[in-house]
Amino acid sequence: MLDRRSALASAKPYTSSVLQIGEAHGFSLLQVAGLAKAISPITGKLPVKVGLAVTSEGRTLMRTGPNQFWIIGPEVDDIETKLPEIAIITPLSHSRTRIVIEGEPARNVLAKGVPLDFHHSAFKSGTFAMTGLHHTPVLVHCVGENRFEIYALRTFAVSVYEWLTDAALEFAR
Amino acid sequence: MRIPCPHCGQRDVGEFRYGGDASKARPAHGTGDMKAWHDYYFLFDNPKGPHDEYWQHVLGCRQWFKLTRNTATNEIGEQP
Amino acid sequence: MFKPYSALALAKHALSPDRPWPRAWNSPEPKSSYDAIVIGGGGHGLATAYYLAKNHGLTNVAVLERNYIGSGNVGRNTTIIRSNYMIDGNTQFFEHSLKLWEGLSHELNFNCMVSHRGQVVLAVSPAQLDTFARRGNIMRLNGIDAELLDRGQVMKLLPYLDYSKDARWPIYGGIIQERAGTVRHDAVAWGYARAADTLGVHIIENCEVTGFVMDGDKAVGVETSRGKILAGKIGIAVAGHSSHVAKMAGLRVPIETHVLQAFVTEPVKPMVDHVISWGAELFYLSQSDKGGMVFGGHIDGFNTYTQRGQFPRIQTVAECAVSLLPLMSKLRLLRHWGGVMDMTPDGSPFIGRTERPNLYFNGGWCYQGFKATPASGWTFAHTIAHDEEHELNRAYSLDRFEKGRELDEFGIGNWTYKQ
Amino acid sequence: MTAFRRLDKGGRIDREKSVNFTYDGKSLGGFAGDTLASALLANGKTLTSRSFKYHRPRGIMSAGVEEPNGLFAINGNEPNIPATTVDLVEGLAAQSQNAWPSVDFDLMAVNSFAAPLFQTGFYYKTFMGPFKKSWMFYEPFIRRAAGIGKGSCEKDPDRYETAHEFCDVLVVGAGPAGLTTALVAGRSGARVVLVEQDLELGGQLLSETDRDFEMWRTTQVAELRSLANVTIRTRTTAQGLYDDNLVVLLQRHENHDAARGRPRQTLISLRSKAIIFATGAIERPLVFPNNDRPGVMLASALRTYLNRFAIVPLKRALIVTNNDTAYKTAFDLAEAGIAVTMADHRNVIPSDLLSRAAMLGMAMFPGTGIADVEGAKQVTRVQLAGNHSATIECDVLAMSGGWNPVVHLTSHSGIKPVYDDAIAAFVPGGYAKNHFGAGAVTGKFGFESVIKDGNAAGADAAKAAGFDKPATPVATIGAKDRAYKISPHWAPKTTGKGKAFVDFQSDVTVKDIRTAHDEGYVAVEHLKRYTTLGMGTDQGKTSNINAIGLMAELREMPISQAGTTTFRPPYTGLAVGAIAGRTVGLHFRPYRLSPLHDANKAHGATFIEAGLWMRAWYYAWAGSTPETAYIREMELVRNGVGIADISTLGKIDVQGPDAAEFLNRVYVNGFAKLPVGRARYGVMLSDDGVVLDDGTTTRIADIHYYTTTTTAQAGEVMSWFEYLLQTQWTDLKVHVTSLTDEWAGMAVSGPKSREALQLAFPDADVSNENLPYMGCLDVHLDGVRIRILRLSFSGELAYEVHVPAEYAGSLWEHVLKVAEPLGIRPYGLEALASLRIEKGHVAGLELDHRNTLDDLGLGKIAGKEKSYVGKELRFREALQAPDRWSLVGIELMEPDKKLRGGSILFSAGDEIKGHGRGYITSVTWSTELKKFIALGLYQGGLKHEGEDIICAFPLKNEQVKARIVSPHFIDREGARLNA
Ligand SMILES: Cc1cc2nc3c(=O)[nH]c(=O)nc-3n(C[C@H](O)[C@H](O)[C@H](O)COP(=O)(O)OP(=O)(O)OC[C@H]3O[C@@H](n4cnc5c(N)ncnc54)[C@H](O)[C@@H]3O)c2cc1C
Ligand SMILES: NC(=O)c1ccc[n+]([C@@H]2O[C@H](COP(=O)([O-])OP(=O)(O)OC[C@H]3O[C@@H](n4cnc5c(N)ncnc54)[C@H](O)[C@@H]3O)[C@@H](O)[C@H]2O)c1
Ligand SMILES: Cc1cc2nc3c(=O)[nH]c(=O)nc-3n(C[C@H](O)[C@H](O)[C@H](O)COP(=O)(O)O)c2cc1C
Ligand SMILES: [Zn+2]
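Line by line, the protein sequences are chains A, B, C and D. Start counting the first sequence at 1; every next residue gets the next number (the numbering used here). Start counting the second sequence at 1; every next residue gets the next number (the numbering used here). Start counting the third sequence at 1; every next residue gets the next number (the numbering used here). Start counting the fourth sequence at 1; every next residue gets the next number (the numbering used here).
Honestly, I wouldn't trust all of these hints.
EDC-like cross-link-like pairs, simulated, lysine to aspartate or glutamate; straight-line CA separation at most 20 Å [as the list claims (entries may be wrong)]: (1) C:K165 x A:D166; (2) D:K913 x D:D971; (3) C:K403 x B:D39; (4) D:K132 x C:E178; (5) C:K403 x D:D883; (6) D:K133 x C:D145; (7) D:K463 x D:D244.
To be clear, the hints were calculated from the coordinates, so they are not data collected in a lab.
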């Protein structure tokens, strides 16, 4: 009866032979605040600094603040129940829309709006940055040579998506 | 201007929000000391030169931090 | 040898070009002492000196300017004058100022090009239109002109705005003050300087005040880059440098110095006949008599004494310009610059006495000091001459926050965290 | 009449590719590689424009961005474009400006006759009478006369984009200096970006004829292109330098096509670790009577037209100079078979130049300058004066007054240029950290020294960027530099009758500068502002230094003391649209959509912009205009049940051992004792004691709270919480996270709301006992956790249903479907806002940061004993005054009239003027009372309950009678809430 509906459910698809932009739906996002020492026995080794992401047992672990982590797991994930009492847990699965952009021009398209260095040597796979795109906060995660996942606030997702597809218009079919 | 977020590194000023003079000590609550609060809230040294101040990486990690910036040149020094 | 300006004088001069025009103002050596000194040769300082001489007969007066007169904000603002204020105290002050503007060119015998071309403030929501209405009603109740405009009327008046479906915020209407407008900014400094000079005031440029000469609590003179100068009374009118100079007298004031940027495009034939302000984001624009679009937005958002701005702000202002007025897209920016602004917690200024006898303070003008220039000089001169507030600047005391008498005209609260 | 012609061969133009364009509607031809300027000259268009003030005939004067005269409207929508900066492309339409009916025959030229009246500053001296506001009469005429070109009101059809870039070394300018530095830095392995505003690399070398230079150039360019770590951007101008090594570049694209997403221009924000300025130098004119006639141009420009574009004067050129560089032009022309006469201000001319000149048969006039230039529409004859007085018939007069290094960018950071006597020009006054200069910009004008300079700067910059591997320097061609000698000549002592122009675009003459001097406008900035010198589209690139030199002479002071005016970005005109990029129109600001947006749309919502949000304003079922629809929606809630989207509320997760303490501090009322499972209304103040925001907070668990804020203040409050926790109360163990996007919310309101909930959540116990007013209940539906808060904004029995955002749409539909028998319908923002007025709830219009707790009638909720943010300053004298304007209800007493928001309130007997006693904040039609009611602030507040007042709305000439009443128009006892 209740079904999940993405913020981009009615967004116009983007098609191109060199670039894909779309939503990667179906993940869970848990924000955990607390000391890495206390959390890592459950999650696996946590990244040492903000901006690094590691993969552990099918989950992506990101350090998003001095003592704050994001655990991105499968849509249904029971890790919440296993985390220690003293960790402060905030489920955020619905708060972010994940937009994927992949293809040779992906870095160029992102650089049109994100004030970061998208050179291959500077923004490497496995790193992420929390920054601004189109006046909204986004987390940009590099997950491959030319593949990025963008976590946009759900209520801004349509705007961010439209902005991106507009920026990618020159590569559209 | 580029601002060094202690967590995310150098970023453009556009990602931040300025939070005012960080050298001022916030008075205690509950003392009823109106004068202390007035001076804290309404008066500024506003120096032409080094200034300790708060910034929040509002489009990034959302952390507040202190830095010293020279208001005559906008040069940013160490974190105090 | 004052030579009045007029069309006739110009014609005569054209016929005998070898008799040069006299200097607009002289540049005397500073005397060792004056009855009164005004620090700061901006609009406010020069106006103050003029009215000290004109209204109060105080002519043994010097204006000390560290650079050239008009080098501060009077020479770098977007020149908007208006009196659409709704808080008791502000309304009367700014209307008095507008009235003074109306006769200023005549009074100074210097054409300041006071252009009553009208200012339209555009509302982007029905609720915003209501708050504009409140302002307009107060204006009308105080004998100030104001008209409410619905969307259709705005479309007729300003046909070049974006009314299409592409507009992010539709325009619901607006309010117009026909008497509002623009003034040739530099001319204000020069006109007041020339008129004050004619009355005997010394205008001393390249003279930076570096300290005060104190007799106990009392200020009795200033140290300057051109030597010590004593004075019976001293007025500070240094705008963005207010804290800096006040500190020399041991005063700490409710002011933080921020940079505000301004922009001008290449000159084009008349396209925009009004001053336009927008309710979506702080943005204002007019076309100068020379033809350039002069516009601006918010302060950059952090304190600085550098007269140059940050690029992200330049972009947000350009975004406003093109989004509201598509005609701006192809026009090319000629120049942009910054001015350092004396921002106050409630957005309203200070004119009044200080804790130090004989020392008077004028500052905290935020975005709005240009339009205030005549009234500011008028009331500050009164305060200096009589050691008491004029009824029009009574609300502008330095200690108003202690009493909880904020004059928060725009309801923004403490700007440090908000802009 | 014409002064120029195109040679049959030579130049860098591509004669295979002809290009057609129009000039004032007439078709003309040129070649690829031409600029509009060269094409016009090649077509014999010597007179191209009219001057700004006097409408004097003008021609193209330069070959670069410094062009003051040759401005055109391009393609009908782009005014004031210097022809020298426009690449000739097929179909280009150029239109002349500022002349009527045509540049050839311009009636406005009558201005010239009145010229003595238009002396500098004339408008400050006149147009003041006869009335106070007389300027309003004159201004339209002045405005129409001013403003060079015409703008277009049409929407710009082109597309502009922005981009961010980073690199190790940025090189601005691709002359020999720039090519050298870029290559040296590139060889070190650094990421190098080389930008050049021209479409070709080479700078001054592009105007050379020497094969060695061209060999050198192509060699370096080839190597640069081969380096993967070097990015070359031509047609790209460095427009401005900003703090911390941000350089803003504007790139112009050839194949732009908005429909296919190809921008016309891209504005690049580039941050570089090190920057090399290799911006070269611009030649300056000489000042003499009638030096503005068409056919008078810069000597280096004439050389560029000759060597790069194969354009020559018809027969004879006269060249006037005060330095050696103009001889290059002279020799090249002579070698091309053009007769050349040379006038040199200097008495002593280097002998090698003299002998070469003699060899080429040039006429030489040392110690000689120009007394006058004749020719109505182009130069025909020139009078020489000085050691020689002669009259020379010629087609073209080329001038060189020396060279001004392009110090603009280095000066943008606030570093003032300094005067260098050796070259009689200003050079950079130093460099910021990691900035370097190379080549002519530093005052070095010889090729060999430029290369040497470039080698050093390139290595230094690479090192500064962290690449200190010694790099092989770039080889020179082993030529010998000739010493640069100049004897500055700022202006003639007398100018006779002819106007001697200093600023061509702003029509500022020597006489104007003298006038400014007479009147005391002697500071360079006063000079500029009084005469408008240097304020045109060229920003005085050719005029400023001459004017400063002249003024310094008049003041009898060294130029170094006079200084320059401030250099400001942009370096050249920069379209406002290019700065804005795609962030315009609908993309101006992001819009924020509720998780229920699609559902709202499906149910016929009309949306309204509220800040960044798009909110459902009213629904189609209730009507087609907001004025009537909201009333039906209100009735629905008062009599049955409605559902509204409240997802925009700010929501904050507050967790941690000290959560209760934290909330206790930020709210005026206490939260420590709030039982788990219960909600409480709270108000917070700013430090100044003024109300910041209100909302409800629910205790989820002992150390876990769920707080809501108003929609408008959500961001502020969040940042404020973070500020307190991260900087001030770092000992508190509390973590805050925004849940605004995580949770959607819907209000289910009305007497039948409980029944509706029961239908929606059949397994939950939503009875009054289990879920009393201010209670909280977590329920599960299909395994989804849903939070029901029994809160009411409308004053009716009502609930807030909070649900994880992605389930919101289907839950909304579920509720509407199962509660259909109860008549449930959605209601929108207008009704929400109106229902709360009936109940007397304050909202945004009352919480406007001017009001205190007491003003809003909320003083009672503040803890007497506890401390909280804002407590101290809340008690300041004026904030406690008994006659403050405070919250009241207002009832309209004249049934056939209307209450209006923004009305000013007066007591019945008051004179209707001044500031009144208060004002109306929010108005609605009350469906309960069947009349207009309002909330407002009134002097003394409810002390005046029952009194008659006047609501004045002079903007519509209205005054209506009303009465002060309690703001709780309905259900004062709260029976409905608690039902
Ligand atoms: C970009 C911008 C746009 C603006 N737009 C508008 C607008 O449209 N409408 C409006 O009403 N207002 C506007 N303002 C505000 C307005 O310009 C100022 O509030 C007003 O000009 C300040 O008063 P002033 O003219 O006396 O200041 P200034 O002209 O700044 O005068 C102060 C003078 O004091 C001198 N000084 C400083 N320190 C010393 C010292 N130690 N010794 C001697 N002299 C000293 C300075 O050199 C300066 O000349 C704007 C401001 C800026 C920056
Ligand atoms: N006395 C003389 O004979 C004399 C005088 C001046 C120059 N020169 C010659 O000129 C050359 C000087 O070399 P150089 O490399 O220093 O100067 P250059 O003039 O050859 O090159 C400078 C380049 O910078 C570009 N440029 C300037 N500002 C720019 C900006 N903001 N954005 C993008 N591009 C910009 C220009 O278009 C030009 O191509 C030498 O060959 C020298 O001999 C000779
Ligand atoms: C209303 C107004 C109009 C201006 N118009 C022009 C203009 O047409 N051309 C120009 O070069 N500068 C113009 N300026 C900017 C000035 O040149 C100058 O940048 C500004 O006064 C700040 O001074 P600064 O740049 O010397 O610091 C204008 C400034 C103002 C305030
Ligand atoms: Zn950060």
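Which numbered hints are broken by the structure, listed smallest first? 2
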